[in-house]
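Place chain E on chain Z using the hints.
Protein chains in written order, with full-length UniProt numbering: chain Z, 1 to 447; chain E, 1 to 447.
In short, the hints are calculated from the structure, not lab data.
None of these values were measured; they are calculated from a predicted model.
You may find that some hints are simply not true.
Pairs involving identical chains hold if they fit within one copy or between any two copies, as the list cannot separate such chains.
[Unchecked claim] When the alpha-carbon atoms are kept at most 25 Å apart in a straight line, the in silico DSS-like pairs for lysine-lysine are as follows:
{"#": "1", "residue 1": "213", "residue 2": "269"}
{"#": "2", "residue 1": "31", "residue 2": "95"}
{"#": "3", "residue 1": "389", "residue 2": "213"}
{"#": "4", "residue 1": "31", "residue 2": "102"}
{"#": "5", "residue 1": "389", "residue 2": "302"}
{"#": "6", "residue 1": "213", "residue 2": "8"}
{"#": "7", "residue 1": "302", "residue 2": "391"}
{"#": "8", "residue 1": "95", "residue 2": "389"}
{"#": "9", "residue 1": "126", "residue 2": "269"}
{"#": "10", "residue 1": "302", "residue 2": "95"}
{"#": "11", "residue 1": "32", "residue 2": "275"}
{"#": "12", "residue 1": "8", "residue 2": "269"}
Number of protein chains: 2
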Amino acid sequence: MNERVLVKQLQSAPDGPVSVSGWVETVRDQKKVQFVILRDETGAVQLVNPATRELGDDADAAREAALALTETISALATGTFLTVTGELKHDERVKLGGVEIKVGALEIAAAANPETPIAADSSADKRMDWRFIDLRQRRNNLIFRVQTTFEHALRTYWIERDYIEVHTPKLMASPSESNAELFALEYFNDQTAYLAQSPQFFKQMAQVAGFGKIFEIAPAFRADPSFTSRHATEFTSIDAEISWIDSHEDVARMQEELLQFAFQAVADKHGAEVKELFDVEVQVPSIPFPRIPLAEALEIVKSRGYEVPRTDGDLDPEGERQIAAYVQETYGHQFVFITDYHPAIRAFYHMRDEETGLTKSYDLLFNGVEITTGAQREHRVDVLVEQAKEKGLDPEHLDFYLDFFRFGAPPHGGFGMGLARVLMLMLGESSIREVTYLFRGPTRLAP
Amino acid sequence: MNERVLVKQLQSAPDGPVSVSGWVETVRDQKKVQFVILRDETGAVQLVNPATRELGDDADAAREAALALTETISALATGTFLTVTGELKHDERVKLGGVEIKVGALEIAAAANPETPIAADSSADKRMDWRFIDLRQRRNNLIFRVQTTFEHALRTYWIERDYIEVHTPKLMASPSESNAELFALEYFNDQTAYLAQSPQFFKQMAQVAGFGKIFEIAPAFRADPSFTSRHATEFTSIDAEISWIDSHEDVARMQEELLQFAFQAVADKHGAEVKELFDVEVQVPSIPFPRIPLAEALEIVKSRGYEVPRTDGDLDPEGERQIAAYVQETYGHQFVFITDYHPAIRAFYHMRDEETGLTKSYDLLFNGVEITTGAQREHRVDVLVEQAKEKGLDPEHLDFYLDFFRFGAPPHGGFGMGLARVLMLMLGESSIREVTYLFRGPTRLAP
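Chain Z extracted, bound-state conformation (with noise of 0.2 Å):
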C-alpha cells in the first residue's frame, strides 16, 4: 500500500521508477504504440507501451512478456482497476499533466465486464441504476469532495461555539411532524414504530435538556409521493437549535454566518474546479442576506406581473423565483430571507408574535428554492397545548413531546436545512438527483 502514488503527485515526482493503481477510462490501441488512460481518486495519467504484435524470428523471454503485456492491454476493458508498475517520464507534450508513464508491468485487480451499460448522456434513471459507475466521472466525483468541505465547514462553525452534536433516535412511537408522508413499521410487542420525517422534537428537547446549542446531520424520511427535483422520501438533514434567543432573528443571523463561513471554505478548495467542471461560481455570501416580509414578497411579485395562485397566501415555486430575480437584480445576492408568516401555513410549534400575530420564522431561499425553514419555537406549554387544537391535533397524541415543556424550558429556535438542495443550487444541478450519493423517491429504492 505504501508504495502507491496519487496521479496528483505525479507531477512534482522525479522521473524514474513509480507504481500507479486506479481504473481504466480509455485504451487507444494503435499498431504501433498503445495509450491507457488511467483514472484515481485524484486524477488522470496517460499509460504508454510501444506495442509488440508477434514474436517474430529472435522470439525470447523478454519478447514474449512484451508480446503478452501488449495482449493484456489490447483487451482491457473500460472500468478495469489495475496497478501499473514503470517509467515516469515527464514531457510538456503530453496534454494531460505534462507526464506519461511507460509500463513495466500491469497488475489487473479486477476486470471490467467491457459492455459498460451506461455512457455518460445516458438518461439520469439508467445512470442512476448503475450510479457506481456514473459516480466514477471526475464530475459526480467533485460534487462528493464538495459535500465534504461544506459539511466539514459546517460542524467546525459550530464546534468552535461550543455546540453539541446529538445523534436524535429515527425511529419513534409518533409522528414527528404530520401524519401525512409517514412511515411506519412494525416493532417489538406489536408495536408501530416511524421513521422520523425530522429531528424536531428531538432537537428542542435537548434545549429543555439544557444543551444550549447543538447540530445534527443526519437523514430523515418522508414518504411523499412527490417526483419534483427537489424532493426525496429520504435525505440529509442539517439541523441546529439553540437556546435564549430573542426571536428568529437570532436564528437568522447564526445561519448566515454559518453559510458565509461554509461558502468560502468551497470556493477556496473546489472554486476552481467548479468553475472548470460545471461552469458555475462558487459566491461566497455577503451578510446580513436580505430580509423581506412574506406580505412584501407577494406584493413584489405581483408588480413583476406575477399573481400567486395559491389561495393559503404562501409563495408557490414560480413566485419563489420571481422573488429570487428581484433579490438578485436589487440586492445582488442569491439568499434572501422570507419573515412573518401567517400561522395558518405553519407548524404549530412556530412562536407567534404577540402584536402581529404572525409566527417567528422565516423561509431561506437560495437562488429561489427554499432550502431552509427556521423558527423560534413557542417554549411555553399552555400556549403550545392551544396552538396545536387549532390545528386540529390532539394534545394527547403529543404527550410526550408536550411533557418537555412542563419540567422548564429556555426560549430556543433552530433552523433544517436539505444537504442535496443546497449543492444542487451551489453547482447549478437540475435535481437533487445528481447530487445524492443514492438517490430515494417513490420508484427508486436501489441500488
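Leaving out everything else, chain E in the frame of chain Z:
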C-alpha cells in the same frame, strides 16, 4: 441574546451588572437570605437575595418589589428556566467558582412543574422515561461534549487525509447484512423496504466508484431482541472504507492511528472533567495496538483457566474479558486486535488468506468489549459468489451488490465501529444506554 453571559465567563468578568440565563438546580430559602444555584450549559453559579418577608410600616414601591422578588424565589421549582440580571461580585469565600450574583431582577422563561419525576438515583428505566431531565446532570452533559469532540476528531483525521464523506441510504430494497434482525416497512408500489443494518454494501460501492477513501457516521438499525448492555435497535455506526490495501492490516493501522488521534483530542479537552465526574483517566493508546490471532487468543484464555463454551471457535464475552486482562497485564494496553478468524464465523464478503484459508479480518476489543469488525473485502466477483453460496445465500438476492464488482473493482477494506460502545468504555459506564441521547431497544421506543 447578546447580553447573556455564560457562567464559565463569570470568573473573568469584572464586578458589576451582569445577566445570566439557565435553570434552577437548587433553592436554599433561608429566613434572612435566599440562595439559588443556577446552572447553564457551561457551569453553575450562586444567586443571592436578601429576603424581604413583609412590607412593614415603611412600605413603598421598592419594598413591594423586594417582597415580590422574595416570594418569586421562594416559589421557584427545580428546573425552571430563567434569566437573572444583577450584580456580579467576586468573593473567594463562595465555594462555587468564587463568584456570586446579587439578584436584581428575575425573568422566568418557563416554570417547571414542581413535582420532578426523577432524581439522580432513580432507576435507569425511569430516568430514560424522563431523559430530558436526566440529561441536565452535569455528567450527562459532559458525555455529549465528549461525543462531539471525539467525532469531530475522527472526521478531522479523515478529512486531513482526503477522505470523502458519504451518506448512504438507510432505506434499501434488500437486507444489507443478513435476513435476521431486519426491520421491514411498506414502501411505495407494494414494495417492501428494509432499514439498513449497516452501510456495508454502499460503502463498498464507493470503492468501485473510485472514491478511494470514505467515511460515514450515521444511524444503523437492527431488530435485535437482546437486552444486553451493548445492544440497541438503533445505533450510531462509525464507518470507513479504503481502496488499494494489501490486507486488513492496512485497515487496522488506519484505525489505531485514528483512535489515538481522537482519544488525544478528548483527553486534551475533557480529561480533567472526565476524571472529576467519572473518576476515570482518558488513556491515549500507544500504537501499534497489540495483535493476537484468534487461535492464540483461545489458548491464552484456556491457560488462564477459562474454557470458552462456544462450539463455533469464537470468543465469548468472558473470553474477551480474559484476553483484555491478559493484554493489560502483558502490554499495559486497553486495546487489542484479534485477527485470523475462520470463515465460518465471518461474513461471506470477508476476503480469505490464500495460504491459511482464514479471513483477512479482525475484531477490535476495547477493555474487553468488541467495538469493531474490520476486514479486507473480497472484490473478485467469482470468488464472492462462491463464498455467498457456501453461506447458503442466494446470489440472485445479492445481485445488486454483486453487480458492483462486475465492472471493475479495487482491493479494499474497512471497519464499522459502534459509537456508544466506545463512549461507554472510555467513560467507564456500565451500559450504552447511559451514553446514548435517546436509547432504542425492544421495549424502548419513547420518548
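At most 25 Å between C-alpha atoms: does residue 213 with residue 269 qualify within a copy, between copies, both, or neither? Between copies only: 18 Å across, 28 Å inside.
25 Å Cα cut-off: does residue 31 pair with residue 102 within a copy, between copies, both or neither? Within one copy only: 16 Å inside a chain, 92 Å across chains, cut-off 25 Å.
Within a copy, between copies, both or neither: which one fits residue 213 and residue 8 at a CA-CA cutoff of 25 Å? between (40 Å within a copy, 15 Å between copies)
At most 25 Å between C-alpha atoms: does residue 95 with residue 389 qualify within a copy, between copies, both, or neither? neither (68 Å within a copy, 48 Å between copies)
Intra/inter-copy verdict for residue 126 and residue 269 if alpha-carbon distance must be at most 25 Å: Answer is neither; intra-copy 31 Å and inter-copy 49 Å both fail.
Given a CA cutoff of 25 Å, do residue 31 and residue 95 count as a within-copy pair, a between-copy pair, both, or neither? within (21 Å within a copy, 88 Å between copies)
Checking residue 389 and residue 302: alpha-carbon separation at most 25 Å within a copy, between copies, both or neither? Neither, since 34 Å and 66 Å both go past 25 Å.
Intra/inter-copy verdict for residue 8 and residue 269 if alpha-carbon distance must be at most 25 Å: within (15 Å within a copy, 36 Å between copies)
At most 25 Å between alpha carbons: which applies to residue 32 and residue 275, within, between, both or neither? neither (38 Å within a copy, 71 Å between copies)
When no copy is specified for residue 302 and residue 391, does a C-alpha distance of 25 Å or less occur within a copy, between copies, both, or neither? Answer is neither; intra-copy 29 Å and inter-copy 66 Å both fail.
Status of residue 213 relative to residue 389 across identical chains (alpha carbons, at most 25 Å): neither (29 Å within a copy, 50 Å between copies)
At 25 Å max between alpha carbons, let me know whether residue 302 reaches residue 95 within a copy, between copies, both or neither. neither (54 Å within a copy, 64 Å between copies)
The structure does not agree with the numbered hints 3, 5, 7, 8, 9, 10, 11 stated previously, though it agrees with the rest.
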